[in-house]
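Q: The listed protein sequences derive, respectively, from chains A and B.
Each residue of the first sequence is one higher than the one before, starting from 1 at the first, in the UniProt record's numbering.
Each residue of the second sequence is one higher than the one before, starting from 1 at the first, in the UniProt record's numbering.
There could be a bad hint or two in this list.
Pairs involving identical chains hold if they fit within one copy or between any two copies, as the list cannot separate such chains.
[Claimed, not checked] With a Cα cut of at most 30 Å, we get these calculated DSBU-like pairs of lysine-lysine: (1) Lys82 to Lys356; (2) Lys286 to Lys385; (3) Lys417 to Lys286; (4) Lys286 to Lys356.
By construction, these hints were calculated from the structure, which means they are not laboratory data.
One-letter residues, chain by chain:
2 protein chains.
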Amino acid sequence: MADTHGSNSASPMFDQIDRALSQGLYVQVRRVLHQMLAADIALLLESSPPSTREILWQLSDANQHGEILDELNEEALASVLKMMDAEKLASTAQNMDVDDLAYVLRALPDSVYQDVLQQMQSQDRLRVEEALSYPEGSAGSIMNTDTTTIREDINVEVVLRYLRIKAELPEQTDTLYVVDAHDQLVGDVPLTTLLTVNPNLSVSEVMRSEVSTIVVDKPVQDIANLFGRHDWVSAPVVSAHGILLGRITIDDVVDIIQEQAEHRMMGMAGMDDDEDTFAPILTSTKRRTVWLAINLCAALIAASISNMFEATLAQIATLAVLMTIVPSMGGIAGNQTLALVIRALAVGHINDNNSKVLIAKEAGIGLLNGMLWASVVSGVVYFWKGDWTIAVILAVAMFINMAIGGLAGVCIPLLMKRFNIDPALAGGMALTTVTDVVGLFTFLGMATLVLA
Amino acid sequence: MADTHGSNSASPMFDQIDRALSQGLYVQVRRVLHQMLAADIALLLESSPPSTREILWQLSDANQHGEILDELNEEALASVLKMMDAEKLASTAQNMDVDDLAYVLRALPDSVYQDVLQQMQSQDRLRVEEALSYPEGSAGSIMNTDTTTIREDINVEVVLRYLRIKAELPEQTDTLYVVDAHDQLVGDVPLTTLLTVNPNLSVSEVMRSEVSTIVVDKPVQDIANLFGRHDWVSAPVVSAHGILLGRITIDDVVDIIQEQAEHRMMGMAGMDDDEDTFAPILTSTKRRTVWLAINLCAALIAASISNMFEATLAQIATLAVLMTIVPSMGGIAGNQTLALVIRALAVGHINDNNSKVLIAKEAGIGLLNGMLWASVVSGVVYFWKGDWTIAVILAVAMFINMAIGGLAGVCIPLLMKRFNIDPALAGGMALTTVTDVVGLFTFLGMATLVLA
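The following block holds chain A by itself, in its conformation from the complex:
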């Protein structure tokens, strides 16, 4: 029996393709590509610089194109779509699931998108237009409409016969939905139930009537948490009036979970989670430059604080040597808290009842760690510079800055959340600015008062 270990078995294929490409053996590249799974080809495309990507796309099997497009991340998708004309896209679209197709079409520029719709058969066009009518990021935008529905007054035996006539069930089907004459969802029957109950029972006798549903306008973030918490494999999507509209399956939710996690991690470094690993240099440079501009402002604010104390710095150069330690430690302490709070907000650990407890706890940790490291650093600096006054000033400034850092690490994301700013994106920069300003101001300010 064939042992296809996915990514792992794909990696020798990646090597084969790389060798064949470098020798210009395109026939061989094509042969290997045609043996690969769509998901692995997508990974290969994402892992290739733009020029290779184009060659690989041309050599891949056109019948797999729909599946490959669906597996690509947003920016790699956009770069591949540029290689296709409207006609090709429309013919690729024919065999795709509605939710996957909606994902692909959303990546198209408006003009091309209209062209593609024109080329599509009217039935496909209607399906897609419906899927695109739900706002991006809502349950409707990721649901699939291929639910299998049954009525509650028939026997399981009849259902079984109906399924055999149907001869095929949509991918990832694990549950049949029971609806009334108005398409109102009244229950569901897992396939496992269908297979194990007495076929003479009626659907109403075997169905679960307490079904967890997702309303069509629910944001995808909440949906990801629901699936994660409740171990769902699929869930029905209903209108505000309980009409069954479609279903969301775990494979799409896994994609969302991964995107959200990437967004948090990449966002903290000022990066877009869509960023293509092998995007052209100019595109990436332009994209990252905004964040560098913001950071330059933050760095200039910090410099302007030191500038207030230029006279003191001119008098005692040792202060200049030591002054970077204070913002650094405050920033790290604050960042630890920030990461904890961003995670807690994402998984839903924080509510109005417990935020005060959290603020008190993090401020307490800041105070304790501040005390500890202030003592350590004063010892180190005395040993190094032989000056107790500067050592004590540094210790006090560091203590204050680490306590403020802890407090800011919890208050900044909570405030941002309240004003609908994404703390994963803006929290780190705001925090660092606070700890830079407070750290430099307390250290140089106290030094000016005491020493100058």
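Based on the hints, put chain B in the right spot on chain A.
A: Just chain B now, with coordinates in the frame of chain A:
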């Protein structure tokens, strides 16, 4: 029909419980808790400070305890286990799936763990000891052994009858596995196939013989990528000889994906992904202190660089005011690259063939952004300080540091990966140290050569 919107419907319950707790109405707390899903109770426990957590645990339904324990994150789990004695734990363990139980038992201190095993019935003990015999983090440690197997020479009709006699299928079953007389996996039959084919066909005629399997010692990280890439809901786990040992289901994989993502995000801030949001202050302080110690060393290294140029700083205090800008911009540029590379490593975008392309690309971005921001900053500084020499020195230092930052941002994680160091954990600190040292050294060094 009941509309249980999970976390969302749970949140009014959270408020009710909070009110009832603050008024000491424990009977009411108990009543609300008994209506809640285990997953929501776990979320509530994770969202509560330790004292409240203990009260809530005592008031919750003992029949739900197993499920709740399984849903808790590692550190919250450890804190709840401390409230239970070995006997209670053993009785809770009786109704748990092996993989869930293994997760819980791994969180116990050794002495208690032996006690709990003693208290368990011998059959349970054997099951658990087997699950615990696979190393943590391997496929074996998260697999469930409750596979449903069939033989290939029987008819589908017989399978259907067998399932009805069985009367129940294990949770999350979407596929039956076909094994030979030696338990060798020879194929699988999805439930959807079973329901749609002609019952007179034999299993060998309807089964898929090209089954993707997971070898029992495969690391869980790779498994998460496989599920994500191939949209699996479950996958069979086999021994090195192809013997079917169990199966891994998507719900456990979703947990792994979330943990890995948290690990990357929290790790970049020097935090443990297990960290309990409401851990006691002393525990958290102790845990975070290691990272602060490492950062203090890094900050002292940076300070010792400035210290080399103390004479120059004493001469020109403006250098002290401006010197923090250079490491800051280099650090941000490097961190952007670092985040991109850590993500790329995690999803498998980087291999031996393309790492050189990536290094060249990121170095290029660093050069371009370095040029751009060096020009901007020299203008700003000239305008501010009216000194072209210092402005140019700052620009050159910044250009060099941003280019090095980009290069370090890609080389550091690739090198760490090669030496099996986790770049998500140690990459940021190593990078910042490089950009601090290079930034301060180039800026102050050039200033000393030119101005002093």
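Q: Against this structure, judge whether each hint is valid.
A: Going down the list of hints, with the structure as the test:
no.	hint	in the structure
1	Lys82 to Lys356	between (51 Å within a copy, 26 Å between copies)
2	Lys286 to Lys385	between (44 Å within a copy, 29 Å between copies)
3	Lys417 to Lys286	both (28 Å within a copy, 29 Å between copies)
4	Lys286 to Lys356	between (41 Å within a copy, 22 Å between copies)
Every hint from the earlier list agrees with this structure, and none is contradicted.
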